[in-house]
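Chemist: The residues making up each chain are set out below.
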Amino acid sequence: MLQDLLQNTLDGVALGASYALLAVGFTLIFGVLRRVNLSYGPAIMFGAYCATWTYLNFQAGLLVLGIVTVAGAVLAGVYVERLCFAPHRQGSAIAAMVASFALWMQLEEAATLALPKHLYAFPALYEGDPLALGPLSLRIESLAMLGAAGAISALLWTILYRTRFGLAVRAIIDSPTAASLAGINLPRVSLLVFALASAIGGVAGYLIVASHGQVTPMLGMWATLKGLLAMMLGGLGSLPGAVVGGLALGLIEAHSQWFLGPQARDLVAYLLLFALLAARPAWMTRWTSTRSAS
Amino acid sequence: MAALLAIKDLVTAYGKIEALKGVTLEVQDESITCLLGPNGAGKTTLMFTTAGILRPRRGSIHFAGKDITARPPHSIVASGIALVPENRLVFPHMSVLENLRAGAYQRSGNAGINADIERLMQRFPRLRERAAQDAGTLSGGEQQMLAVARALMSRPRLLLMDEPSLGLAPLVLEEIFRIIAELRRDGTTIFLVEQNAHMALKVAQHFYLMEQGRVTFSGNPGSLAEDEVISRAYLGTVKQ
Amino acid sequence: MDEYTIGVLTNVGLFTFLALSAYLLLIAGEMSFGQQAFFGVGAYSGGILTAMYGLQLPLAALGAMVLGALAATLVGLPTLRLRGLYFAMATLAAAEMARILFELFHFQIEVEGETTGPDGTQGFRGIRWVFEHGVEPLEYMALVYALLLVVLAAFLAVERSRLGATLRSLGEDPELAASLGVNVGRLKLGVAAVAGALAALGGVLFAHHNTYIEPRNFDIMLGVHSLAYALIGGLGTALGPLLGVALDIGVLEGSRIFGGARMIVFGGLVAVLLVFRPRGLLDERVVHWFGVRAFKRS
Chain A
0 MLQDLLQNTL DGVALGASYA LLAVGFTLIF GVLRRVNLSY GPAIMFGAYC ATWTYLNFQA
60 GLLVLGIVTV AGAVLAGVYV ERLCFAPHRQ GSAIAAMVAS FALWMQLEEA ATLALPKHLY
120 AFPALYEGDP LALGPLSLRI ESLAMLGAAG AISALLWTIL YRTRFGLAVR AIIDSPTAAS
180 LAGINLPRVS LLVFALASAI GGVAGYLIVA SHGQVTPMLG MWATLKGLLA MMLGGLGSLP
240 GAVVGGLALG LIEAHSQWFL GPQARDLVAY LLLFALLAAR PAWMTRWTST RSAS
Chain B
0 MAALLAIKDL VTAYGKIEAL KGVTLEVQDE SITCLLGPNG AGKTTLMFTT AGILRPRRGS
60 IHFAGKDITA RPPHSIVASG IALVPENRLV FPHMSVLENL RAGAYQRSGN AGINADIERL
120 MQRFPRLRER AAQDAGTLSG GEQQMLAVAR ALMSRPRLLL MDEPSLGLAP LVLEEIFRII
180 AELRRDGTTI FLVEQNAHMA LKVAQHFYLM EQGRVTFSGN PGSLAEDEVI SRAYLGTVKQ
Chain C
0 MDEYTIGVLT NVGLFTFLAL SAYLLLIAGE MSFGQQAFFG VGAYSGGILT AMYGLQLPLA
60 ALGAMVLGAL AATLVGLPTL RLRGLYFAMA TLAAAEMARI LFELFHFQIE VEGETTGPDG
120 TQGFRGIRWV FEHGVEPLEY MALVYALLLV VLAAFLAVER SRLGATLRSL GEDPELAASL
180 GVNVGRLKLG VAAVAGALAA LGGVLFAHHN TYIEPRNFDI MLGVHSLAYA LIGGLGTALG
240 PLLGVALDIG VLEGSRIFGG ARMIVFGGLV AVLLVFRPRG LLDERVVHWF GVRAFKRS
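Taken in order, these protein sequences are the chains called A, B and C.
Take 0 as the starting number for the first sequence in numbering that gives the first Met the number 0 and just add one per residue.
Take 0 as the starting number for the second sequence in numbering that gives the first Met the number 0 and just add one per residue.
Take 0 as the starting number for the third sequence in numbering that gives the first Met the number 0 and just add one per residue.
So that you can see chain A by itself, here it is in the shape it has in the complex (with noise of 0.2 Å):
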């Protein structure tokens, strides 16, 4: 019993990982924009299927795949920020909401077009067997994708408390009209982070796929529904809480579907974000900022 807990918290910290990086992506975009992108998720199928067409017609190695992953990722995302979050930054939230639903739509449909499978194999990661951790194994992709997290959490950490750009970013997100006023270009940061918000994506993008084994187009409203339902848990807008609520939407799936099935499993996530909201603890809504490091 024991070990079935320590496992599936093991497994369900390594999902957690992957959401935790979706979450990351997501909260970026919501704290500097104010705005959801319900094209987060299918930019990132968008970057996962140029990656398999690359496989497909070119037998690319795994560096090559994840590149171009990545590109394809950000290349979709600055699209999708041109079209709908730049000309409705001053107005409506919902105009922009329901645009990006609109080339959500689009995307799918330009990556079944192109591989109209549903399912396509992706190359694995590592052909190997798992880690031995004791009585618990460890799956070597898990690995990956929690160094993937770490490395990105300290990568951002970085860009946000030490660099010009980070200070810009974390300004806006506190007060946008007074990081207007200090002389920031709303503009170019908003899509520059964008660019790195769906970057971010895409690794997380790329490492799962690898992880599967396999991509279909239904990854994008996936990708989108996780990266949405950890940034909720976390308390909407901040980053650290991004990271906390996509592991503990890992470890919540992990020990649900255990105790419970995997239909159980959704449900207690969804079940517990309700319950959240309705009774809106201060600690959720509280979390919209970064804390200064100087």
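Keep in mind that the hints were calculated from the coordinates and are not lab data.
Beta carbons are placed, not taken as given, at the ideal position from N, Cα and C, and that holds for glycine.
Watch out, some of these pointers could steer you wrong.
[As the list claims (entries may be wrong)] Under 8 Å between C-beta atoms, here's a sample of chain B residues computed to sit facing chain A:
1. Leu88
2. Met93
3. Gln204
[Claimed, not checked] Covered stretches of chain A (chain C as the covering partner; in silico rule of three or more C-beta atoms under 8 Å from a C-beta of chain C):
4. 6-20
5. 258-267
Given the coordinates of chain A, assemble chains B and C onto it according to the supplied hints.
Modeler: Coordinates of chains B and C only, in the frame set by chain A:
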């Protein structure tokens, strides 16, 4: 002498409501110009339009001879104008030091920026004490100092100030206005919106009265009896 | 008119109820990702009532609407004080929970020798009331549009009334509305209940048109679609959602010329449209302009 800031027939609207109905005024170089008027007259709208936060519907704004109408806020800062907004708008979850660095965002050259930070800390000793604290934890007066200091970090030629005295204790008020006078002596032009007409008229070389979206009076302190100025600044003129 | 066109038009009609459901909440200032849940509640309950308990369609539809309103009230009570994205996510969570519950819902009985009823992910077959009572496709379409007409007339009447103005003020400035004595909480709950009933009505009609429903029909895509219909058509009038649905389903189905790239074209058009018309085609300004012209003519 050509004015440093020349605003002509400026109209800014929120949907169908025109907050500025055609504002014309000038701010002379190296002076302190004051804008008085009752609440809702449009003074903050004018400040935000000049700073580029709001886009005007008609009219023009010229700064040092260049047309800056409808330019985005970061471009306005690049031109040499900085706004200390009403309600200060500091970055509450960033430290005092980071707030100052944000103000210098468009500048390059760490040496110059650090030197300016040092100089401002000397001018505002309270900020030095609180350098590592989150700006949101500062008192009202301290936040006002911080907002002014942050604006000064961009080395503006024209400093816009929107109601710097709002919510401040009398002692802090005196300090703020002392600093305003000092800034002018050091070569910064100041365009100041104030509710506290009495204090404002003591430092200004020129003032405007704004009511219901228009400039209704322009003159030097002393051209109107002070109590008339004050009553019009708080209450507006009797409706025609 | 061939059967295909009748089918498309019927779909336009019944999905408009769902779009109106989202529209109503949008006007009152709340963005819901979850109206598809009440659509589903209507579909399942309506189907159960006719196919398993032999009720006539009108009565079953009424029952479905009541259940839809109830479900909406249940969801609305703890969540309507949330705003913006928080409310949207709460409705999304509720709707996904409903969909998963539909997947877990097995309830079958023998009806005239056949096993009938919802069977989890296998769906719910045999909702054949329409065929068993000899209702022609054209007649069914007429029924859908007759109901729609009644609902639209009610909407247009409310929009001109004090209630309509109060609802719009709720959406634009709830603090102001509250200060003018509007019981914001109670009004929003009422709006949510009506929206739930509307969506459920659409669901009943959908179930009986398709004769088969499954949980996948009521996923997030449908929910976001319903928001999109309302917004694209325009938030100025209840005719907006109808226009939005007609454009999406009608034009898209009808124009096979784009082949497999329909969504690429349509999605792009929608995004571009929203740049210039962020409140949709029939937004408040257009509606006002129409109203002014009509007034001038008389």
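Chemist: Hint by hint, where does the structure go against what was stated? Just the numbers, ascending.
Modeler: Failing hints, ascending: 3 and 4.
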